[in-house]
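K.L.:
Each chain, letter by letter, is given below.
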Amino acid sequence: MPAGEGTALPHPIMNSIFSGTRLRDMIRSIRACKTAAEERGVVRKECADIRASINENDPHDRHRNLAKLMFIHMLGYPTHFGQMECLKLIASPGFPEKRIGYLGLMLLLDERQEVLMLVTNSLKQDLNHTNQYVVGLALCALGNICSAEMARDLAPEVERLIQFRDPNIRKKAALCSTRIVRKVPDLAENFINAASSLLKEKHHGVLITGVQLCYELCTINDEALEYFRKKCTEGLIKTLRDITNSAYQPEYDVAGITDPFLHIRLLKLLRVLGHGDADASDLMTDILAQVATKTESNKNAGNAVLYECVETIMAIEDTSSLRVLAINILGRFLSNRDNNIRYVALNMLMKAIAFDDQAVQRHRVTILECVKDPDASIRKRALELVSLLVNENNVKQLTKELIDYLEISDEDFKEDLSAKICSIVEKFSPEKIWYIDQMLKVLSEAGKFVKDDVWHALIVVISNASELHGYTVRALYKAVLTYSEQETLVRVAIWCIGEYGDLLVNNVGMLGIEDPITVTESDAVDVVEDAITRHNSDMTTKAMALVALLKLSSRFPSISERIKDIIVKQKGSLLLEMQQRAIEFNSIVDRHKNIRPSLVERMPVLDEATFNVRRAGSLPASVSTMAKPSVSIPNGVAAAPLVDLLDLGSDDIMAAPSSSGADFLQDLLGVDLGSSSAQSGATPGPKAGADLLMDILSIGTPSPAQNNTSSVDLLSTPGINKNPSNALDTLSSPALPHIATTASAGGMFDLLDGLTPSPSKEATNGPAYPPIVAYESSTLKIEFTFSKSSGNPQETNVQATFINLSPNTFTDFIFQAAVPKFLQLHLDPASSNTLPASGNITQNLRVTNSQHGKKSLVMRMRIGYKVNGKDVLEEGQINNFPRGL
Amino acid sequence: MGIRFILMVNKQGQTRLAQYYEWLTLEERRALEGEIVRKCLARNDQQIRFELMFEFLCSYAGVLAGWLALNEQCSFVEHRNYKIVYRRYASLFFMVGVDDDENELAILEFIHLLVETMDKHFGNVCELDIMFHLEKAHFMLEEMVMNGCIVETSKANILSPIQLMDKAH
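In order, the protein sequence lines correspond to chains A and B. Under UniProt numbering, the residue at position 536 of the first sequence is numbered 536, and the numbers go up by one with no gaps. Under UniProt numbering, the residue at position 3 of the second sequence is numbered 3, and the numbers go up by one with no gaps.
Please keep in mind that the hints were generated in silico from the structure rather than gathered at the bench. Heads up, some of the hints might be wrong.
Stated by the list, open to error - The list that follows gives simulated cross-link-like pairs (lysine-lysine, DSS-like), each with its CA atoms no further than 25 Å apart:
id: 1; chain 1: A; residue 1: 448; chain 2: A; residue 2: 400
id: 2; chain 1: B; residue 1: 39; chain 2: A; residue 2: 372
id: 3; chain 1: B; residue 1: 167; chain 2: A; residue 2: 380
Claimed, not checked - Which residues of chain A face chain B? A partial, calculated answer using Cβ under 7 Å:
id: 4; residue: 76
id: 5; residue: 304
id: 6; residue: 308
id: 7; residue: 343
id: 8; residue: 409
id: 9; residue: 868
id: 10; residue: 872
To be verified - From chain A, some residues computed to sit far from chain B (all C-beta separations above 10 Å):
id: 11; residue: 24
id: 12; residue: 41
id: 13; residue: 42
id: 14; residue: 75
id: 15; residue: 121
id: 16; residue: 200
id: 17; residue: 202
id: 18; residue: 251
id: 19; residue: 303
id: 20; residue: 311
id: 21; residue: 451
id: 22; residue: 516
id: 23; residue: 612
id: 24; residue: 778
id: 25; residue: 792
id: 26; residue: 850
A virtual CB, placed ideally from N, CA and C, is assigned to each residue, including glycine.
All chains, full assembly: derive it from the sequences and hints.
P.N.:
Right, dumping it as structure tokens:
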């Protein structure tokens, strides 16, 4: 035994001290403890004493030690050192010792412990003991903790004991059997006969356990179910009738009902027998009707029986007159003033809805009242029931009720309630305007509880409802003035004001139901300024506000000076992201007036299908983007290959094991889909929330300080610009054929400085294709050089050169690439898998383009390596392949 | 399998008896007991506040009384995958964790039977009786519930082996 050993001194005086604390004294001293620490101290000392006492091996102390250990165990302290004591007590001859030993066994041990195997033999002896009380103890212990092995070993004994003369043993043997057949279902057949004989008993204890055993056998063995259905249904019905009609039995009477527990067990078994069998169901109709009509319903016991009876009626085969009876009982329950009864009624109506939707719908008003109950348990049940009740016809009314209640409900219930309302509205919304209206109400009342995907979905819907843009932005403007503390409402509002600010100010697209409002340009900016300056706005909101300001600077040229001031203030933001954006946006406002209108044009319509797929597939998509800020996506996404790129997300051909970071890219693609439909060179703008800055206007996280001054760039065509911003890239295509980016001296990188119109320097490359920089981060640069194989114009050989820009050596370097279906990719082994500092390795790729001449090459790639034993993953997409490959 | 655990907890939230019919580690038990006790006791506090408010209201508007008096919080709380059926007797809470498909009202009745049985044996059972006779309380439970199922519902049958043993001593 562990620790206490050292203190154990077999000294007479010490001995008397150890055995000195009686159980009572220990409990007293524990009760007297004022603090948890004090209690721990007392328990520690007691445990040490018990250990010492155990080591002395005095049989007289065992009983008391174990009693103490049970108390200590109940308080939640470890007591494993007492387990062997239990076994010793069980093996001792006296009844009191055995009794406490078995109790300790059940409390301190479990079926997973090896020690338990040691007890099998003692159990076997005790099951054959001449004293029936000892047999009872053993059965009880076996029934509570036996493992599969023990069940196999001892099943014959238990089987024999089911026919024991004393009913108290029979009942325990029956319940012990339920555990045995559950642990070892193969043994079920052996118990079928014994179980059916138990059903003929008169002793209530034997009957209730026998019924329980039959129930268990029916649920695990189909043959048993058939057997009982054929042989026992009538007997069980008779038994139920006998107890229902029996004269007063003081020993079993509860509030005028004879043994409600037995009633309930019998009804449960009848339910299993009647389910899926019309004949058996027919047989039990009369007795169920009798129980349902005759049972007193003014006391809990009676209601418990009625409740079980209703459940049985619902489960057995169709007997419609009974169903009516059952639904009526539930109706009575629902209008009961006792909350317990109402709770079970709601519980049961959830099951009833599957059989009789109409009948449940009749109680809709009452159920709605339950949603507003002060009791949280009732509210929860009722809310779940309501969400099952909703259909196309009643959605408007139900939603109105729920939203009305949302205004006055407890704060801690708002989260559940608003989530349910949102899911109902999304699922059953008959028209867009209604959807938008309801969502605005929810956001106004409980915006801080609304999950991201819900308001993202709202923005997608708004974006698609072009005829409602004006209406929505005005409604949001009004709402946000009142409920400025609801974060998600503010986000949706500033997004819409940014997008549709002009519609707000000019009252464009007025619907008949609207009252005209007068909003000046400066009012609209006030709202956004408020959001960006509020101290409790989070980063997402502030970032969205900043983008909205940029957009408004173009929508409202008259106050662009004021907007610029607000943006400039954000240069001092503590958030790096905000600082950087503020500087960039400021320079857009300041210096690039000529391109600004096209840069901040309205977002193309967001694709609902893509959003829904993404929402179902990868909820934490935006998280993954945020988590990897060091991974930059410097490659421009030109418009042409976009559709093909989307293929990449779904069923691409991976030349390497599939990428776990796929959602990262899908994220990007999901957003960019919009720009392919809008050929105007519009900004592939924010889809929503957190993605917004990182995804689209991610004009370079700090890492892409790339410096494309190489001649490569000068030779490149507009489509292959190496520009970190896809937004700017698309933008540049129509107006400016070429962008050269340069790094400013301070390291801060003004992306737009290079945006001076310059004549295109499109070079005619002829058959020799220019090499490209396929990827570049702060640590790694990949260059591709191309050559055509002679004979097959579809085939291109690519030599990839990986250059380590960091001072560390990369080990376990692996490059993986994936291409869309129309391409075939073959990867040769790399020259090495170790990339020394400032060194390089090469790898050959062979790409076959089945759409040669029609489509350009495109590739997604992932690079994994270790730096100082730490895994690093970088990924990116290569769209700047020279044309014609 | 019906009953998953039975707890007796005093008003201060200290466990006075715990019987589990499924295996949980010591840490899991402590955590579970803490959560359940907090939940049930909090509901009870609400109840007491409500009753005070009710008494206050009664003194003004007797008419309201009939409705309010019965609007007591229900005895069921859902927690994790359990349903807790609980009832308070003087300073002791009896909490029974059951499966989802168990008859909640029957479990309430069972709690009452348990209390009556203990009352019959101890004579007006209180927290201290259970603390100082923990093993006896367990023996009673053993006679009533095995492996999460009810074995016996007659108080005389439950108590007879215990009384027999007391006599033998």
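K.L.:
Taking the numbered hints from earlier one at a time, note which ones the structure violates and give those numbers from smallest to largest.
P.N.:
Numbers 3, 8, 9, 10, 11, 14, 18, 19, 20 - these are the hints that the structure violates, sorted from lowest upward.
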